[in-house]
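A.B. asks: Sequence:
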Amino acid sequence: MNTTVAGLLQVAALVVILAVAYVPLGDHMARVYTGEKDLLAERVLYRMARVDPRRQQTWVGYALAVLAFSLISFLVVYLVQRLQGVLPWSDGKSGVSPAMAFNTAISFVSNTNWQSFSPEVVMSNLTQMLGFAVQNFVSAAVGLAVAMAVIRGIVSRRGTGEIGNFWVDLVRGSIRILLPLSLTLATLLITQGLVQSWHTGFGWTTFDGADARSILGPFASQEAIKELGTNGGGTLSANSAHPFSNPTPLSNLLEITALLLIPVCLTRTYGTLVRDRRQGLTLLAVMAAIWSLMLTLVWVFESRTAGTASAAAGAMMEGKEVRFGIPGSVLFAVSTTGTSTGAVNSAHDSLSAVGGGAVLWNMLLGEVAPGGVGSGLYGILVMAMITVFIGGLLVGRSPTFLGKRIGQHEITMAALYVLVMPALVLTGTGVSMILRSTTRAQGNSGDPGSPGSIHGFSEVLYAYASAANNNGSAFGGLTATGDWFQGSLGMAMLLGRFLPIVLVLALAGLLARQTPRGGGPDPGSATAGTVAVAGAGGAGTAVLPVPAGGAVSVADPDDDASETPSTLPTSGLLFGFLLAATIVLVAGLTFFPAMALGPIAEALL
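Take the position in the sequence shown, starting the count at 1, then add 5; the result is the number in the working numbering.
Worth double-checking, as some hints may not be accurate.
Listed next, with one range per pair, are the computed distances between beta-carbon atoms [as the list claims (entries may be wrong)]:
#	residue 1	residue 2	range
1	D488	S99	15 to 21 Å
2	F212	T192	33 to 39 Å
3	L424	L188	27 to 33 Å
4	R410	D96	57 to 63 Å
5	P453	V25	49 to 55 Å
6	R55	V20	42 to 48 Å
7	R445	K42	37 to 43 Å
8	L80	T417	29 to 35 Å
9	L13	V436	41 to 47 Å
10	T8	R410	27 to 33 Å
11	L255	L609	36 to 42 Å
12	T211	L13	36 to 42 Å
Capping the alpha-carbon separation at 25 Å, the derived lysine to any residue pairs in SDA-like fashion look like this [what the hints assert, rightly or not]:
#	residue 1	residue 2
13	K42	A18
14	K98	T210
15	K98	V28
16	K42	A24
17	K42	A54
18	K42	R59
19	K42	Q15
20	K42	V56
21	K98	F74
22	K42	L23
23	K42	V21
24	K98	L88
25	K98	A70
26	K98	T484
In case anyone wonders, no lab produced these hints; they're calculated from the structure. In this text, a Cβ means the ideal position worked out from N, Cα and C, and glycines have one as well.
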């Protein structure tokens, strides 16, 4: 079969699977975060932690809970690594150095999963399971929780500023969404030959009589949650290119599906909760357009045969697994950099100048196509609010987003959110490039303006883009084990994760304090529990949470306060185009000079 045809069939299969899962999974996630009843396991956890699941939090309380939980998680992961040598099941591996343990703990707590080490050489299976796998669940659940808090701020009609309970959102996301999906995916992957073992390895003899040893571990379970939770950290250096973690083209397709599944279906969840499915479909269309454009760009340039080696191989096959080929490799590369996952099934450092630049650009867009679990949704919602503000002022419409006014304070929070990542990326890259130690860490260097120096700059830029966007993939030519890169990349991951979370929760709190036109509080309209409301324009029904001891006002579904003649519509083709243009222009204006010094210059040589 022709390679292009085979690749198109893979893309078609991926789209079909996502389309089939879109409605049931999206609506299931909406029910998870709006249901009143708690599962037995959840009630036990609440009792142990002394959490009142009916208590609502303002954005300040919610943010403090996120930060406190993440701080405790960091300390646990750090200590597990430092004490690895004295813990059971260490397989002879000693404790991790302080700098590496610091960097790695931040990496996994921030959902980045950047790894400056060879996992099978440095980390024991206990560290992988107790430290990393647990964080793969809860860090993804934190992203989901924050996304739900933002949606509550948008749909709130009470004006109290309450946006939910972080502890409830954390537990429900882990138990009801991530755990069952991970069990299902791990089972499917095991049928494809993925390794799932309690043993640490086995010995064997080579053809020339030498002794050798292969590493074993719980690879399938880790692979499942690292993809579903858009984490990315692998148990093997080759990550998802290793046959123990990704043995067949079918397992490759399943893993790509897992990368996109929750972020894509969250747009359905959003449309359901705001009572207008068109809103979610518009966001999905923008995500799909950017993802498709990036996929086409990388696919075309990786299929070219520039150079003797590429011509002999029939394509740019350096750094790619032959069992996946160009289509399976670029499909994975674009999806992993567009979802803040960072897992790889090929060497991104071996991509062509344009292909490598495109996956780098995919991260610099803010990873909203479709973005990480939760983070992609709240990221694109912030961009949507900026689009409403700019577009509304340009055409003389009131800057209103689904009935909530985007005023000075709201746009300040949104602008600060957008500025965090570029500040971290450009500052980190700039400082690194003036340090003499950076040259020794680069796999590619040389005289200024030479191909080696240009690609070396791209390696550094990619590292900080990956860290600040909580992606975790890398151009492998950069050795990031020195103290400067361990510390600076760790801080980029920390600030790149939690500063935006605090800012977006502050934005949610501002929105939650507003009482939209036509949706004022009516204390007698409903009691604690849930209430079913009809969707706008016949878009179905949704169940909205009613806080204990509180009330909610339900406006007439035919009297939609979110769109009036004086406001800019936030769904449809026009708004989708404006949103996509805003996303591209923000990244283009911010990062074009840096991209011109790296991938663009390299492509022009």
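A.B. asks: Each of the hints needs a verdict: does it hold here or not?
C.D. replies: Going down the list of hints, with the structure as the test:
no.: 1; hint: D488 to S99: 15 to 21 Å; in the structure: 19 Å, holds
no.: 2; hint: F212 to T192: 33 to 39 Å; in the structure: 35 Å, holds
no.: 3; hint: L424 to L188: 27 to 33 Å; in the structure: 40 Å, violated
no.: 4; hint: R410 to D96: 57 to 63 Å; in the structure: 58 Å, holds
no.: 5; hint: P453 to V25: 49 to 55 Å; in the structure: 53 Å, holds
no.: 6; hint: R55 to V20: 42 to 48 Å; in the structure: 46 Å, holds
no.: 7; hint: R445 to K42: 37 to 43 Å; in the structure: 59 Å, violated
no.: 8; hint: L80 to T417: 29 to 35 Å; in the structure: 33 Å, holds
no.: 9; hint: L13 to V436: 41 to 47 Å; in the structure: 44 Å, holds
no.: 10; hint: T8 to R410: 27 to 33 Å; in the structure: 52 Å, violated
no.: 11; hint: L255 to L609: 36 to 42 Å; in the structure: 39 Å, holds
no.: 12; hint: T211 to L13: 36 to 42 Å; in the structure: 41 Å, holds
no.: 13; hint: K42 to A18; in the structure: 37 Å, violated
no.: 14; hint: K98 to T210; in the structure: 23 Å, holds
no.: 15; hint: K98 to V28; in the structure: 46 Å, violated
no.: 16; hint: K42 to A24; in the structure: 29 Å, violated
no.: 17; hint: K42 to A54; in the structure: 18 Å, holds
no.: 18; hint: K42 to R59; in the structure: 10 Å, holds
no.: 19; hint: K42 to Q15; in the structure: 40 Å, violated
no.: 20; hint: K42 to V56; in the structure: 15 Å, holds
no.: 21; hint: K98 to F74; in the structure: 28 Å, violated
no.: 22; hint: K42 to L23; in the structure: 29 Å, violated
no.: 23; hint: K42 to V21; in the structure: 33 Å, violated
no.: 24; hint: K98 to L88; in the structure: 10 Å, holds
no.: 25; hint: K98 to A70; in the structure: 34 Å, violated
no.: 26; hint: K98 to T484; in the structure: 22 Å, holds
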